[in-house]
Each structure stands twice: as structure tokens, then as C-alpha cells.
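J.: The hints should help you fit chain B onto chain A, whose structure is shown.
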Amino acid sequence: MKNRTKLPNIYLGVILVLMYLPILLVIIYSFNQSKISSVWEGFSLKWYTELFRDASLLQALINSLVLAAASSLNAAVIGTLAAVGMLKVNLRSKGVIEYISTLPIMIPEIILGMVFLVFFSLIGLPFGMTTLIIAHTAFCIPYVYMLVKARLVGLDKSLGEAAKDLGAGELRVFLDITLPLILPAIVSGMLLAFAMSMDDVVISIFVTGVNTNTLPIKIYTQLKTGVTPKINALCTILFAVTVLMGLLSGWLGKINTQKKTVLEENR
Amino acid sequence: MNDIILQLQQIEKRFGDTKVLDGIDLSIKQGEFITMLGSSGCGKTTTLRIIAGLETPDSGRVLLEGRDVTNEEPNKRNVNTVFQNYALFPHMSVESNIGYSLRLKHIDKATIKKTVAEALDMVQLSGYEKRMPGELSGGQRQRVAIARALVNKPKVLLLDEPLGALDLQLRHQMQTELKRLQKRLGLTFIYITHDQEEALNMSDRIAVMREGQFEQIGTPEQVYDMPLTSYVARFVGSANILSGNVSAIDEQSVAFNCQGVTVFAARRDAPISIGQTVTMAVRSEKINLTPQGAGETGLHAVVTEKSFSGGVLHIIVTLDDGSELVSSRHGIDSPLAAGDSVTVSWKPENAVLVDL
Numbered sequence: 001m002k003n004r005t006k007l008p009n010i011y012l013g014v015i016l017v018l019m020y021l022p023i024l025l026v027i028i029y030s031f032n033q034s035k036i037s038s039v040w041e042g043f044s045l046k047w048y049t050e051l052f053r054d055a056s057l058l059q060a061l062i063n064s065l066v067l068a069a070a071s072s073l074n075a076a077v078i079g080t081l082a083a084v085g086m087l088k089v090n091l092r093s094k095g096v097i098e099y100i101s102t103l104p105i106m107i108p109e110i111i112l113g114m115v116f117l118v119f120f121s122l123i124g125l126p127f128g129m130t131t132l133i134i135a136h137t138a139f140c141i142p143y144v145y146m147l148v149k150a151r152l153v154g155l156d157k158s159l160g161e162a163a164k165d166l167g168a169g170e171l172r173v174f175l176d177i178t179l180p181l182i183l184p185a186i187v188s189g190m191l192l193a194f195a196m197s198m199d200d201v202v203i204s205i206f207v208t209g210v211n212t213n214t215l216p217i218k219i220y221t222q223l224k225t226g227v228t229p230k231i232n233a234l235c236t237i238l239f240a241v242t243v244l245m246g247l248l249s250g251w252l253g254k255i256n257t258q259k260k261t262v263l264e265e266n267r
Numbered sequence: 001m002n003d004i005i006l007q008l009q010q011i012e013k014r015f016g017d018t019k020v021l022d023g024i025d026l027s028i029k030q031g032e033f034i035t036m037l038g039s040s041g042c043g044k045t046t047t048l049r050i051i052a053g054l055e056t057p058d059s060g061r062v063l064l065e066g067r068d069v070t071n072e073e074p075n076k077r078n079v080n081t082v083f084q085n086y087a088l089f090p091h092m093s094v095e096s097n098i099g100y101s102l103r104l105k106h107i108d109k110a111t112i113k114k115t116v117a118e119a120l121d122m123v124q125l126s127g128y129e130k131r132m133p134g135e136l137s138g139g140q141r142q143r144v145a146i147a148r149a150l151v152n153k154p155k156v157l158l159l160d161e162p163l164g165a166l167d168l169q170l171r172h173q174m175q176t177e178l179k180r181l182q183k184r185l186g187l188t189f190i191y192i193t194h195d196q197e198e199a200l201n202m203s204d205r206i207a208v209m210r211e212g213q214f215e216q217i218g219t220p221e222q223v224y225d226m227p228l229t230s231y232v233a234r235f236v237g238s239a240n241i242l243s244g245n246v247s248a249i250d251e252q253s254v255a256f257n258c259q260g261v262t263v264f265a266a267r268r269d270a271p272i273s274i275g276q277t278v279t280m281a282v283r284s285e286k287i288n289l290t291p292q293g294a295g296e297t298g299l300h301a302v303v304t305e306k307s308f309s310g311g312v313l314h315i316i317v318t319l320d321d322g323s324e325l326v327s328s329r330h331g332i333d334s335p336l337a338a339g340d341s342v343t344v345s346w347k348p349e350n351a352v353l354v355d356l
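Residue numbers (full-length UniProt numbering), protein chains in the order written: chain A, 1 to 267; chain B, 1 to 356.
The set of hints was computed from the structure by calculation and includes no laboratory data. Yeah, the Cβ is synthetic: ideal placement off N, Cα and C, and Gly gets one too. Hints may be right or wrong, so weigh each one.
To be verified - With a straight-line cut-off of 20 Å between C-alpha atoms, the simulated EDC-like cross-links for lysine to aspartate or glutamate are:
| no. | chain 1 | residue 1 | chain 2 | residue 2 |
| --- | --- | --- | --- | --- |
| 1 | A | 254 | B | 135 |
| 2 | B | 76 | A | 170 |
| 3 | A | 88 | B | 55 |
| 4 | B | 109 | B | 121 |
| 5 | A | 157 | B | 161 |
Unchecked claim - Only part of the chain A face toward chain B is listed, based on derived beta-carbon distances under 7 Å:
| no. | residue |
| --- | --- |
| 6 | 164 |
| 7 | 166 |
| 8 | 167 |
| 9 | 168 |
One chain only, chain A, in its complex shape:
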């Protein structure tokens, strides 16, 4: 306790600066009057107004939001049902199935992208929003699945049995007991999936159509023509949204742990 040096604090400071200085710069320069990113010419909101006038950029943002919402919602339903179902499966192949279902997180995105490209052209599905949603849903499922599974494992089995004992059928047990108790995990999983879908470039490039741009693709392709401060403004907005979602997720997590302590005390 006594030999407290300043080293840890300095270390922490360096890390924080490295991580957040670039973001801070982007936020500051999004309010810059100048067209050149590196010169400060005074405060202005003109890039925000220009951003909202840029129809193609806004369209890309809307596409990304729709895509993220749809795929995280799909993933929430599929991932939750999978986790609940797997809990009741008692096969020797269970481990293999679980491994396969979390694989999309571990496979390099570039390979997943290739695979989806080949698969979609093979079955002749036209590239566009549909293919994007399918691909994003696929790599979002594991996030929901893993979080919900962890929650389910921690859930007291006798709660479901007690409900059955009191006259509930399987469906009622799920709706009245299981679902409310795993809901925080589902929502956290969904938020995570949403974020993952929102910033995906690699897989999206492979499976998107000519006319469907997502925001990350749009920003990425703009690099070729030069980044305008509009992008700074956009990044600032997205950063704010991300922080908000992070807070929301953390708040839900807190409720989650509170419920968990109740469960543990019940033991």
C-alpha cells in the first residue's frame, strides 16, 4: 500500500490520451469553420447543416440504421430461441452445435464476406438490403446467444419448476418467468449486435448492392475523394449515439446484476 508511485497514473493517462484524443479532435474539428481539417478558423455549425443537406450521406445513414435495427432484432429472436432451446437439448453433439453457432464471431470477416457473396450469387438472390440483413443477422446472432445463454445458466431452475408446479404450461413458464428474467440480457445482446452491425465494413462491402450504401461503406469510399469536415460532424453524432447506447446497456446490466443477487439470495 505504501509504495504508491505515480507510474500507474501516468500509464493510465497515456492510454486515455491515446484512446480519446483522436475522438476529441474529431469532435472539435466538426465545429470548425475552415474547410481544411487541420486549421482552426473559429466555431461554426455549418458542417452539421451541410451534413443534413447531403442526401446520399443521409440515405446511407438511414440504410445503416434500418440494417442495424432489423438484423439486431432478428438476432435477438433467433439468438434467444436458440439459447433457450439449447438449454433443453441433451445431445452428445451439443458441444459441437454450440461451437458452430458461435463460430461467426471467430471466423475472419473477410472470409465470412466471401462466403456470403458466393452463397448469395449461387442461389441468385439480388444484392441489396435483403442480402445485407441476412448477412448481418448471421454474425449478430452469437452476441445475443452468448449473453442470453450466460444469463440462463445463472437462472435458478426451480423457478420454472415452481411455475409448472403452480399450474403453468411450458409456454406460460417461458412468458411469465424465463422471458422477464432474461430480458435484460436480450436487450444488452441486441445493443451489442446493433453496434456491431452499425460499424461493419468488410462483410457489407461483399454483400451490398450497387445502389445500397451503408454509412461505413460511404465513409470508406469517401476516403478516395478526400474526407470533408462533414464526416467529422457525422462521426460526432454517431459517437454521441454510441455513448448513449453504452450508458443504456450499462444501466440495464445493473438491473441485471441486481436481479441476480436476488436470485442468489434465494438459494
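T.: What follows is chain B alone, placed relative to chain A:
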């Protein structure tokens, strides 16, 4: 009228390679308080789960009021359980927890509210409707769990070590309350415990379980005073066990040779012959210790330890063959000290032959 409410017939259950229940039979009368007593892993919880429908036996039948319910889902049989960890729904208030089974039956809200209030009153928790389970103490949760199980008016109430998590004082209080509740409602209780004192205190009948079978089923008096096996004698009230070869038999008693001394035990309704090896149980409070040479006949032993607990003095003596016996009596001290040579004796009628 047949007043048998529940019958178990030749129930067998295996988990993998282990036989948990080995063909058990049990008939339970309406309004009876029956306790399944046994150490952990003896199959008592599995038996309870089979009655509740949470487990299906591999063979055998469960009859509820004469109807075969062996393969019926738990939500279809009118039997409710108080779980060991209470299993209160953490996301529902006390009121919602207790009213859950009524809501499932689509009973109107006003009736549910009234019934829940009555149930809470019954377990002395009026005014706790809006509390969450997390805000209750262990004893209060216990009461809510009981109210939740009773509100459904079950034919049989199953209780799986419901007092296990409570402290000693609260446990005694709840024992009395549970017993009263059961008598007042005239309900059939099937109670599980590994605590022999709890079993003796509350039950109309006790079923002592061991390795998936019933060792003995009988009233607390029968199980305590006339144990059938040495296991029951040891488990219920920790008796001293001795064995030897029968040397003489008369109307009331059996004489047998134990470590070179002839000792006596009461005769039982079982065939016995001279030369047979028998085992005998005698309760520690029935054992007399007298200083060596005081004229008493009996086994020779040396006092090794004295301990005092719960108003009872336990004196541990070691016999010549190295085995230990316990003698207990009320009081704080005795003139006997560690190292003293004593004679161990008992009245023949206080010694019971077991494992016949």
C-alpha cells in the same frame, strides 16, 4: 370411503448408472403429516419430485386419490410444492407470487386479491403485498412460499427441507407454525428433512430412507423406541450399537455374549435361535455407568471424554475392544472423570434387537 390420498407403488428411478429409488411403496392418508427422513442422496427429494410430477419414474405408479398420475404434467395435478430454496419469482411482488396460480386459472382480480390477503394473513404477513422477494428476510420468504403453495388448495402439499436455510430459533418457531397450519387446514403434508429432531417433532408418521429404500415407516414413537435396523437406530437419536452371539432366550429377553460378558436385550416379534449373531441398539440416555467394583455387572470400559451440550452431559467411554459408547444424562457434571474404569449396563427392556 377410502381415505388413502396418495399411493406410491414400486417406484424405481435411475440417473445414469445409479439407482436412486429401488422400488418404493408408500400409502399416505388424507390429513396425514408424513416425513421422509434421510441423509442427502438417499432419494427423498427424487421421491418428492416424482410425486410433484417434476420427474417421471422408470417404473411404478403414482396414484392420487386412486387416479394414476404417473405420467401427468406437474401443472395438471393438484399437488403443490414448497421448494428448498423457496423459488419465489424475483421479478414479481409478494402479491403476484402468491396469486400466480390463481391468475393462471383466470380467476377474477377481486377474488384473487381477497384470496391473497387471506393467505398472507394465514402466514402472518399481512401488509406485505407490494414487497419484492429480494426485500424479505429468509423466514418471510419461507412464509410467502408456503402461502403461494397453499393458495391453490392442493390435495397434498410437498415440502422439501423448507426450514433448512433458517436459523435454529426461527426453525423451531416455524416447525410449530407449520404443524398448526396443517392441523387447522386438515391438509396432507409430505415433508422432507435430514433433521431427525424436526421429523420426530412434527410428523404423524416418519419414513426413514436409505439408498433409495424405506428402512422403516412408522410413528415417531415406533421409529425412536423400536428401530428395525441399526441404521434407523443410529440416524434417529444416535443409538449405541453392540453385537454378539445369542446364548439364552426366555419370554421377555435375549441373552447374548458381548466381549466376554453376558448382556441382555428385549425380545422382539422375530424368530431367533441360540448361537445366532444379533445386533442391539440402546439409547445413550438409557446407559448407566457405575464405577468399577461397585457390584454392577456389565461391560468394562474406560471414560475418555465428557462434553456438555443442550442441558445434557455426554460421557464417552471406550470398551475393551476399542469401540466407543455414549452415555448421556441431564445435569452439568458427574463424579466420573476421564480415565476412570466403569461398568456399562442397561435394563434389558431398554435394549432393542435390530437388523433381525
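J.: Compare the structure with the hints numbered earlier in the document and write down the numbers of the violated ones, lowest to highest.
T.: none
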